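S.K.: Line order of the protein sequences matches chains A and B.
Sequential numbering of the first sequence, starting at 1, is according to this note's numbering.
Sequential numbering of the second sequence, starting at 1, is according to this note's numbering.
Any given hint could turn out to be false.
Pair ranges (Cβ atoms, derived) [to be verified]:
1) L25(A) - P277(B): 51 to 61 Å
2) R326(A) - S125(B): 21 to 31 Å
3) R326(A) - G230(B): 48 to 58 Å
4) T370(A) - E303(B): 46 to 56 Å
5) L68(B) - R359(A): 34 to 44 Å
6) V216(A) - T224(B): 42 to 52 Å
7) Q284(A) - T224(B): 17 to 27 Å
8) L117(B) - R326(A): 17 to 27 Å
9) D349(A) - R178(B): 51 to 61 Å
Hints are computed from structural coordinates only; laboratory data are not their basis.
Being a predicted model, the structure only gives us computed values, none of them experimental.
Even glycine gets a Cβ: it sits at the ideal position worked out from N, Cα and C.
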Amino acid sequence: MNSQKTRKPGFVASVRLFFTDRDKLEPAVITILAGTFSILMGVGLIFLVSKDPVTSTKNFLLGPILRTYNFYYLLIAMVPITFTGLAMCIIYKLKYMSLIVDSSFYMGAIVATAIGVRLSLPPGIHPAVAMIAAGLVGGLIGLLPAILKIKWRANELVSSLMFNYIFYFIGSFIILYYLRDRDQTIMASMPFQKSFNIPKLIENTQLHAGFIIAAVFVVLVSVFLFRTRWGFEIRLAGANPKFAAYAGIPVATVALYAHFVAGFIGGLGGAVEMSGLYRAFIWQMNPSYAMDGVIVAMLARKNPKFVPLSALFLAYLRVGADFMSRRGDVAFEFITLLQGVIILILASDKILNYFKARRLRKNALLADSTARNAAAQGGEA
Amino acid sequence: MIEFIVTVFTSSNYWFIVLRSTAPILLVTLGAVITEAAGIKNMALEGSMLWAALTGVIVSAATGSAWLGVLAGILSAVVIALILGLFALKLDANAVLCGVALNLFSTGGTVFVLFSLTGDKGISSSLASKTLPFIKIPFIENVPWLGKVISGQNIVLWLAVAAVFVIHYIMNKATIGRRIRATGENLEAAKAAGIDPDRIKFFTLIVSGVLAGIAGCFLSMGYTSNFTSGISAGRGYVANAAQVVAGGTAIGAIFASLIFGLTDAMATYLQNVGLPPELIQALPYFVTILGFIVVTLIRDRREAIRKKKLFEGKIDKSRFKSVISGGDAGSGASA
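Isolated chain B, as found in the complex (with noise of 0.2 Å):
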């Protein structure tokens, strides 16, 4: 057993196969993060992805090119976060039922298009689409171990790399970012600074429909070179997750869906070595909610001992003190 979690954990190929199903994964966490710090549940990226992956596809299949395709996917992802952000936002609805309902619409959708345009229900193969380009990287190519593992993914894994930076800039440096997490934390006090929520609530909307769309186009034209029915498999569901075990950040989302990729590349390999695979297959989801609740664990404790110290006094006192004495001499002053 010790043997095989060696030779797996040393293997390139294992790695390879991490970062390739992490890709898709972290792109839609960093959507999940971006509306939940705006304070929108955005249950609807399983949606998104379904429809940008089926879009891709098409489009690609039709003007022969995988970027338009992409920008097609993209749009079609964004156009489902917009009606998600209309039902949630104009009309009152509950935005995670929403969510559901907008799953639905798409789980049921994207195979009645497929059908109508193809005949068949379950796989795009009759349609000649294109994949996204697989980057060889120079020099690190020829590394031995690394080269394997990073030379020769998808062009996505990159943009996925990006975004992570992106999304970080966009949250803690631009003016935006302070909108969003007031939006998020208190929203009678942004609206008091000015800032009309629901205009940030539909960017953040916007943005997670555009890692979705890009995510999508991932599964269905480079992950595979196909789309299959209900090719995102939970994967929306999944970054609703991982957001929570990211703690809300750009920099948590690429732990949060390591997490995922590992054991999604390690289900692979257990079912080489004759484990049942339908088990191997409920591994991520398993391990996704066994985060969750470390996660929440951790935070609870840290919280606990972070309000025991301020009892106690252990902390912050010198500041309150200063604050107090300053008080004091300010009124001494007055008087």
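Next up, chain A with everything else stripped away, as it sits in the complex (with noise of 0.2 Å):
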């Protein structure tokens, strides 16, 4: 019986309770509303610089689902803004604002093209040992701003802006005097061993079993961050690091295994993009995939149950906008803008406190009369 009564609700319930909280039905909404606009302010561009705006606003919107092929390229675009999203989620749950996954996930795939140029190994084995190894080396890159943070109070955010275009240049540098292929004209590497690749989900498709590590990640990020002590310890860090530090956890040791998770995360991921997706390291610049992240982290309100809901949206928007600009004459770009006005929205503590705010006063003023209700017929008698 009493095992009963704290069984967690079931689905159904979960949902209703969902519907009828409202501080957690009002977030969702205005995300909803700040996905929307930004859909909106996409169209109106469209609209504004586009030749042929409707068949650009069409491809824009269905360009995703029109066509199988797309279709697939949306699925395999989940991929690495998953990752990178999980590892955004981490940090942001520590309420810190470092961006240094981007390197994370940018030496992740240098050292796993390293490993996939250089190494020779049995298939599965080869993959699992590139990405080990990229995570272990993405991690230690996760820790250093988080170290000058700890220790120098250097702003976490700057440092690892500047770390970001350090490691690119690192990792460009160890691509074209280390592993360059002499004869492409374009900056590549020499192809990976056949071992490397992970396989493909589906026949003649690109859909490859990154697909399946990054689905396994939500969930090891989601029981890392709320059912175990080590995410309990991040989470109260975060919410309040002073609380945090009197009922003794190590503060500062948890921002560092925080870091180190999300930088893991963030390098594993490139290892996965580079396995699944490529023949050989090919990127000319950094896709900075840390930003997706960061839209991702917050679409699903830094929670790691909602970060393939985000990323399917992002990737949804990122896909439909690739397809309009290779067929029409809105820039790519323009994909980027809205990402920008998105954040900013989704920042904003006003915007997403209205409802809460305006019920709160209200219950407050309902209150106040009630009670001077009370004090008046108090009075009278």
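Make one complex out of these two single chains by using the hints.
M.R.: Structure below.
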């Protein structure tokens, strides 16, 4: 009987709970409104610059589902931003602003390239070794801004941005001087060994097993953040560092391992991207998936459970924009512009808490007037 | 190696490049200094520079006047700073996150606008944009070494030097400066003294926007003669690091931005000796982080020494004594 009482509500009940709990419903509604607003703004921009706005708009909004090829591309595009989104969730739970995941992801891809080109290992083990090595390197890189912040109080955002430039140059140095394919005119590494690529999920498509790995990591990170002591410590240290310190939590250590885990996920994401999608390292510039991770984490309200959903949304926008720009006269970069707008809206606490504040004010007024009425009646009596 | 260093450091060309690459950093660093003094971090300086660089090019090409271009560029940079203020101050958003968002907005937005206008995503060379004048200084021009270093620099360098004095004056001599520092140091006290903190912060944001605007225009209309995508190359971020190195003062900003200028110029030279350009390009950012750490270390040590002295009673003892004895005397008199 006792266990019956403490059991969690079932799926239907929890959905109903979600819709009746206004503290949860309102942010969700506002997130959806922010997404809708950004889409409308995108359409507005298309109409502003395109010579054939109707076709461009159709390609932008329906591109990802109009063609099977695009649909698979949509699923593939979700993979890297799921990884960076999860990593940013952890960092944001800690209330840090570091963007070092960008370096972790990029260097993860570089490390994976080195292993993919230089080592000969049996299939299965080869990508696994590459992913773990990339994760470790990514994790160590992730530590850097946190160390600077803890030891020297250096602003972690500023230092992580500096590191992102530094590691970008180091990464291209490694490719150009140690792994370059001299037969190529563009900057490209030598081709990977056959054993390095993870299998495709569906024949004749680009959809690779990295999709599964990303899904597994969504579960892992959810469990890590909400079901383990480490996750609890991260959340507590982020919510109130002073309280956490008084409660005996080593706040500095927590910040360090949180950044290591975030960097690890980023680095591993880079390796998955390499081994799933490419036959050689061919990035001409840093794809900057960490910035997408910021949006994914914010749309998901820092909750890893919602990361796949927000990754789907962002991937949909990107694939649509890509499809549209290749078939029309609107530059793909307009999606970056929209991403900035989405972050701006989601970052504004006042917009997010608008309904809540109104409700609280209403309740307070109500309580005030009842109290006054009671007092008046008391006076009359 | 030593010979190489000596040749570089005595070459007038090297110092010419140093000054040229210091100018934009100095301007944005001053912008970071003044907003930070008011207690708001302007991370959107990067975005301000990007829009200024693009708008400057477009307007100067359309009107044929470089100065109208600069004016429009400054306006666009100020608009970005004001948007940051709107979201960070009026809508309670995290200022740092807003800055990052605005930079993203600007990186994408500038390329989007450039492509929509010219059909090119990378460079604005199809626009016949103007450049800002380069100043030849009479007499000094003919001084052997010095003339080659400081004559023929772009007018923006001298604007940057003037900006140092203006910002120094604003922050230390003018009433508004006291208000800025009051807002930054103790918001509640400032409010109690009748200062509207949001107005002060908006003021500093506008000033930083103007400075970043001039710097941005310089990049596309002096440093180079085109707008290229991502032309600011992280200078707005570097400015935020340099602000720490500068210790939050306008004079300090000269030294902080000189560090960047020295390494940036050195990078151009080291490339000629056959060192890998990738690693050299990383050098300025690396040095900025180092400067960041060194300055905090020095400050911490100074702070520690000061505290230690205070505890041992080595400084200010006499002042404390006089206060105490004064108080005693007062109470004695009243008794």
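S.K.: Decide, hint by hint, whether the structure agrees.
M.R.: Structure-based check of all given hints:
A hinted range of 51 to 61 Å holds for the C-beta pair L25(A) and P277(B), which are about 54 Å apart. For R326(A) and S125(B), the Cβ-Cβ distance of about 24 Å falls inside the hinted range of 21 to 31 Å, so the restraint holds. Checked against the hint of 48 to 58 Å, the pair R326(A) and G230(B) fails, with Cβ atoms roughly 22 Å apart. The beta-carbon spacing between T370(A) and E303(B), approximately 54 Å, falls within the hinted interval of 46 to 56 Å.
In this structure, L68(B) and R359(A) break the distance hint of 34 to 44 Å, their C-beta atoms being roughly 51 Å apart. Under the hint 42 to 52 Å, the C-beta atoms of V216(A) and T224(B), about 48 Å apart, fit the expected range. The beta-carbon spacing between Q284(A) and T224(B), approximately 21 Å, falls within the hinted interval of 17 to 27 Å. Range check, L117(B) to R326(A): Cβ separation about 20 Å, and the 17 to 27 Å hint holds.
Checked against the given bound of 51 to 61 Å, the beta carbons of D349(A) and R178(B), roughly 30 Å apart, lie outside it.
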